[in-house]
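Asks: Please model the entire structure based on the sequences and the hints provided.
Chains G, Z, B, U, X and L, in that order, give the protein sequences. If you read the first sequence in this note's numbering, its first letter stands for residue 1333, the second for the next number, and so on. If you read the second sequence in this note's numbering, its first letter stands for residue 1333, the second for the next number, and so on. If you read the third sequence in this note's numbering, its first letter stands for residue 1333, the second for the next number, and so on. If you read the fourth sequence in this note's numbering, its first letter stands for residue 1333, the second for the next number, and so on. If you read the fifth sequence in this note's numbering, its first letter stands for residue 1333, the second for the next number, and so on. If you read the sixth sequence in this note's numbering, its first letter stands for residue 1333, the second for the next number, and so on.
Just so you know, not all the hints are guaranteed correct.
Just so you know, same-sequence chains aren't split out, so a pair can sit in one copy or run between any two.
[What the hints assert, rightly or not] In silico PhoX-like links for lysine-lysine, alpha-carbon gap of 25 Å or less:
no., residue 1, residue 2
1, K1346, K1400
2, K1350, K1401
3, K1342, K1358
Simulated from the structure, these hints should not be mistaken for lab results. Just so we're clear, the structure is a prediction, and the values are computed from it rather than from any experiment.
There are 6 protein chains.
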Amino acid sequence: MKYGARNQIKGRVKSVKKGDIMSLVKFEVAAPVEMASVLTTESVDELKLKIGDEVQLIIKAIHVLPIKK
Amino acid sequence: MKYGARNQIKGRVKSVKKGDIMSLVKFEVAAPVEMASVLTTESVDELKLKIGDEVQLIIKAIHVLPIKK
Amino acid sequence: MKYGARNQIKGRVKSVKKGDIMSLVKFEVAAPVEMASVLTTESVDELKLKIGDEVQLIIKAIHVLPIKK
Amino acid sequence: MKYGARNQIKGRVKSVKKGDIMSLVKFEVAAPVEMASVLTTESVDELKLKIGDEVQLIIKAIHVLPIKK
Amino acid sequence: MKYGARNQIKGRVKSVKKGDIMSLVKFEVAAPVEMASVLTTESVDELKLKIGDEVQLIIKAIHVLPIKK
Amino acid sequence: MKYGARNQIKGRVKSVKKGDIMSLVKFEVAAPVEMASVLTTESVDELKLKIGDEVQLIIKAIHVLPIKK
Chain G
1333 MKYGARNQIK
1343 GRVKSVKKGD
1353 IMSLVKFEVA
1363 APVEMASVLT
1373 TESVDELKLK
1383 IGDEVQLIIK
1393 AIHVLPIKK
Chain Z
1333 MKYGARNQIK
1343 GRVKSVKKGD
1353 IMSLVKFEVA
1363 APVEMASVLT
1373 TESVDELKLK
1383 IGDEVQLIIK
1393 AIHVLPIKK
Chain B
1333 MKYGARNQIK
1343 GRVKSVKKGD
1353 IMSLVKFEVA
1363 APVEMASVLT
1373 TESVDELKLK
1383 IGDEVQLIIK
1393 AIHVLPIKK
Chain U
1333 MKYGARNQIK
1343 GRVKSVKKGD
1353 IMSLVKFEVA
1363 APVEMASVLT
1373 TESVDELKLK
1383 IGDEVQLIIK
1393 AIHVLPIKK
Chain X
1333 MKYGARNQIK
1343 GRVKSVKKGD
1353 IMSLVKFEVA
1363 APVEMASVLT
1373 TESVDELKLK
1383 IGDEVQLIIK
1393 AIHVLPIKK
Chain L
1333 MKYGARNQIK
1343 GRVKSVKKGD
1353 IMSLVKFEVA
1363 APVEMASVLT
1373 TESVDELKLK
1383 IGDEVQLIIK
1393 AIHVLPIKK
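Replies: Here's what the structure looks like:
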């Protein structure tokens, strides 16, 4: 299986909280990972992003898709 | 600063590839991290997600928002 | 009305399940449809996507926007 | 493989248009499909969505994730 | 036309910058608007969001869908 | 703090409606604001977007990220 997405991270389920329609699941990610972001070139220029910069990567939980064998 | 998102991950810029409108930036994430996913309860049931399960977390790069001090 | 999105699919409501804040609605899509994906060129290369390839298209339900006359 | 997403549609690549950072890929979907949307209950009420209603489903191409074996 | 989305904002095109695959369009929004966010209840609690709080609303440009008559 | 997103809008919380997993928060946005959209160049051409055009900007509430000091 090959996925058309830059971020593919191995995790282990830590908790499952079920709601009426939506549920919240948390995962432990053990290994160091590489992550990728696509943003406008305007934003890259405004943030002056360059190699070595420390950043915080924010991802709404709704955008994380779990896949299980 | 407090962010209304479950995933807040520290990273360091590894590469920046600028395009005409969009750019692709890669980050190194060192520490063990916790990640969260919100999905339908139907999907949780279908995947039978339970504590300890190994999963792959897929995130399109477009959904990763870098923040820099 | 013209929409700034590549995917515009006709459907018919099959079920509505209401929750406290979010609801899950299902639709029947009858006709053959065309769908489009935007992904990184890196992902296209990694998947070696070419005409005729069979793929599975995954879309989180949260990204589907219904419009009604 | 089980995916934590409600929409899993079989398609066949029709065209690939590569750009510097992002690419646009189009697919043919032959079979009738079921699609699902998650939206606020407020929106469901405002649209008065009920079984049998005809709607248009709008999805930005960026939210479509292709997977290939 | 009724849209299954909480945010429906009137704007006027200020600039269009076309790229190979993606384009960046900017809009002027004149009137005061109401905006809505859906986030996890956990995040609401962590931010201690209450009436009157001043916040910044961050939206990646990729999530803004223009519609034109 | 610099955010890798084109839309950064000041708002004030008007209402908070908490659900089991997800919550819906509404904001008042006072000042005139600029907004940006990234869409395919194909969509820009189809909509014939040009300076001065009046449009409606649709954003699902799930894509709005509140940040609080």
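Asks: Hints first: check each against the structure and report whether it holds.
Replies: Against the structure, the hints:
no.	hint	result
1	K1346 <-> K1400	within (14 Å within a copy, 28 Å between copies)
2	K1350 <-> K1401	within (21 Å within a copy, 30 Å between copies)
3	K1342 <-> K1358	both (12 Å within a copy, 17 Å between copies)
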